[in-house]
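One-letter residues, chain by chain:
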Amino acid sequence: MPDHTYRVQPGEMLLNKFEVIRPLGHGHFGEVHHVINRPVGRPAALKTIEVTDPTTHRAAIEAQAQNLCSHDHVVKIHGADVINGFVLIEMEFIEGGSLGDRLMQGFVPLIDGVQAVKEVLFALEHAHTRGIVHRDVKPANIMLAQNKAKLSDFGTIIQPHTGIRVTDLFYQFHAAPEAVNSGEFSPLGDVFAAGLTLLRVANNMPGWGTVIDDAGAWETDLRNGTMARRIGFKPYLPRALKTILRKACDPDPARRYASAAAFREALERLRLARRWVRVSDNEWICESTGRIEAVRYVNGRHPAVEFFSGSRRQLDLCGTFGTEREAREHMDRVIAETTMGHTAPSRRPRSNRNGTQGAGVSVAMADDIS
Amino acid sequence: MGAPHVSALGFNIKKGELWHCVLSGTRCEPVYVSHNRDRFDPDQPRTALANYFKQTFGEVISRTAPDRLAYRVSLDANSADQVAYLTFPFGILNLVAHDRSLPISEYVSQSFSKKALGFVGNKFEACDEVIAGRPDKWGDPEKLAALAAWMALDA
Ligand SMILES: Nc1ncnc2c1ncn2[C@@H]1O[C@H](COP(=O)(O)OP(=O)(O)O)[C@@H](O)[C@H]1O
Ligand SMILES: [Mg+2]
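Chains as they are written, first to last, in the numbering used here: chain A, -15 to 354; chain B, 6 to 160.
One thing to keep in mind: the hints can contain errors.
Stated by the list, open to error - Straight line, CA to CA, 25 Å or less: simulated PhoX-like cross-link-like pairs of lysine-lysine:
1) A:60 - B:19
2) A:132 - B:59
3) B:20 - B:120
4) B:19 - B:128
5) B:128 - B:142
6) B:59 - B:142
These are computed hints drawn from the structure, not numbers from a lab.
Using the sequences and the hints given, assemble the complete structure.
Okay, structure coming up:
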């Protein structure tokens, strides 16, 4: 990556007002630093980007900031300055980092990811109503404040001289095919990118891993809008979510959700209940109506799956299986189904082959093992 | 044509559904403008539910740009959970109205009387008979939103 960054050093004072504390990270446009705006005594995040025409760029950013001002789910822009051909954007400082950072740190429960994307869709709906398209929705642009998600980097993609262009496929993994192929950015492109973002979060994919490793086949998928298909779904995702994601990420814009609001409403109707956390390959844990629940894969001659609610074993969801693969499939299915709905699971898992036992007794017959 | 009429945006809530309806004109000659439904998950945590209503009221108001707000508060809640989605949201609506300096009026079903609106017969039928340009088919939840908007029009 070429280095166009305006060199900013901790301790430095910029424009007689920003005291640089430390770097927060860098993206494809430049760097972001934690600073203090001394005259007003305000902590802020300062983004430095190089552009062909800083004055015009600053005006564009400030106009958008005005337009989106103080939406609960948009990172606030305090102002923009021009210095040596660079634009400095002073933003609200968000301690929690981005959803991209969160994915890097550990498992993100589906219910949290869906909530964050729902909030971002409020921001997109708000922006779209005002004729503003984001163009770069992705986990790294979703900042996690105390208890809300906020979309950042509105409009930073407007022709930055040294930043990404639409044709730089390598940085546009979330872009809709019509954006990739003909530079056409619309609210529907934001819907697509939000869908792909949610898919990444639901799958807990911090990076792109092997998806973009091989000899450029992903490029074709990016152009065809089939990245979502290329990525696929983790087996523990509820079916209703998969249906929603397919629609949001449809290569054909006409078949996507018609608006951010429609996408959000579909997520609203999912009614996720359990906040399952994947502790390891063999164990999931959540708290449901005041009780700790756990699902475990237990290795052995007959691989087994156990479902505990508190200290009670929930027999209808437990089972022993002929092979590890069957047991793991059962575990994934239990997670997918119990993620939804607020009441205790009562649905029987699908038939349990090979004459093994369990997985078929009614919920009422839970036994106490304590 | 005289001065443009004021428009009123009415809200009504039932479990999982927020309905709104915009009317303009006067109480004697109400004119239908638009209506819609936003769905919500009534079982989500209170804080998320509160945020949902704050965001959704904000968007609906921005989009429909009414001169005044109205709502019909249901008195049917008989559990804390029902209060949370049937009643709390209107506290938030009042705060949004305050922030945007929009006048707001509260009604209950009994407010929609023959005396107040000058119709004969049933209030739901009155929506069909009196409101000009109304949709061919609309149900009671959206009519309750319309009735709130209707009440808020000038006499
Ligand atoms: N407002 C902010 N508050 C705190 N950290 C931020 C803020 N904006 C950006 N960052 C951090 O800086 C990193 C780089 O941001 P950015 O330059 O926008 O690159 P990108 O979005 O391409 O990852 C982000 O991943 C995030 O960790
Ligand atoms: Mg960013």
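Here is what the structure says about each hint:
1. A:60 - B:19: violated, 34 Å
2. A:132 - B:59: Satisfied, since the Cα-Cα distance of roughly 13 Å is no more than 25 Å.
3. B:20 - B:120: violated, 30 Å
4. B:19 - B:128: Given pair residue 19 of chain B, residue 128 of chain B holds - Cα atoms ~18 Å apart, limit 25 Å.
5. B:128 - B:142: holds, 15 Å
6. B:59 - B:142: violated, 29 Å
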